[in-house]
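Since the structure of chain A is provided, determine the placement of chain B on it from the hints.
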Amino acid sequence: MAAEILPPFEVSIMSSEMAVREALSRFLSALGPIGLDVEESGTIELVLAEVLNNIVEHAYPEGSPSGPIDIRCVHKKDGLHVSITDAGLAMPDGQLPLGNQVSVDVDLGDLPEGGFGWFLIQDLAKDVHYARNATQNRLTLRLPVGIIM
Amino acid sequence: MELSTKTEDQLRIVSVQDARIDAAVALEFKDAMRSETDDGPDLVVLDLSKVEFIDSSGLGAIVAAMKNMGADRKLALAGLTPTVQRVFQLTRMDSVFSVFPTLDGALAELRN
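Here the protein sequences come in this chain order: A and B.
Note that the working numbering has the first sequence beginning at 68, numbered continuously upward.
Note that the working numbering has the second sequence beginning at 11, numbered continuously upward.
With the rest of the complex left out, here is chain A:
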């Protein structure tokens, strides 16, 4: 639970796997003043890592130039309102993946090694929306942490 509203802030990187680490670290540092617990910062880091890794992997795929990723955060009473924009390829079909739970009740050889990312995003974040304009992907979501009672 936070005591006061944090001013809005922004973290920008050029897409790469190592830059994702830097973005997560800067984002969490910026949230320092609201004093999040381990579970809250874990939620933020997980959701953002999955979103950013997806952008690095699919919006700016290997072989194409890297590009900008901008993360904006507005702290409101009901949590952190985060928007992530990039100028890479659009989502397939212009839509968010469903993010269903992956079945693990299978033989060893059939165990999934991927497909957890969107499930984690949809499970931990609220109000997840995706929009594509001419050149940009924009994902918005709310993280129910740092809530002010």
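Check each hint, because a few of them may be wrong.
[Stated by the list, open to error] Rough simulated footprint, nothing fancy, chain A against chain B, three-plus residues with beta-carbon under 8 Å:
| no. | segment |
| --- | --- |
| 1 | 32–42 |
| 2 | 59–69 |
| 3 | 81–93 |
| 4 | 96–107 |
[Claimed, not checked] With the Cβ distance kept under 8 Å, some of the chain B side facing chain A (calculated, not the full set):
| no. | residue |
| --- | --- |
| 5 | G50 |
| 6 | V73 |
| 7 | K77 |
Think of the hints as simulated: they come from the structure by calculation, not from any bench.
We put the beta carbon where it would ideally sit given N, CA and C, even for glycine.
Chain B only, in chain A's frame:
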């Protein structure tokens, strides 16, 4: 990605020395695990006590490591920190692996 390995009679302990198993190192981790577990005891304990964060790529790499060992061998996980444990719980992967709170606890149980 640094792993340190200790082999006893019946089991091998592989300890991850890095704080993160994420997309940046998932492939490297998978390869390192393959070379640490390609031979040796059938029972391997992966000590995750120094790992503070894994993402879905890291989770996938741990699953791949277990699959790579084959159905006759076993990969147990020990020392999960809070966020790592949460990823296993949320994805229900904690039902696929034997998960132990501490390395000592895992060894006490698995040596018998």
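Results of checking the hints against the structure:
| no. | hint | result |
| --- | --- | --- |
| 1 | 32–42 | holds (count 3) |
| 2 | 59–69 | holds (count 5) |
| 3 | 81–93 | holds (count 3) |
| 4 | 96–107 | holds (count 8) |
| 5 | G50 | violated (19 Å) |
| 6 | V73 | holds (5 Å) |
| 7 | K77 | holds (6 Å) |
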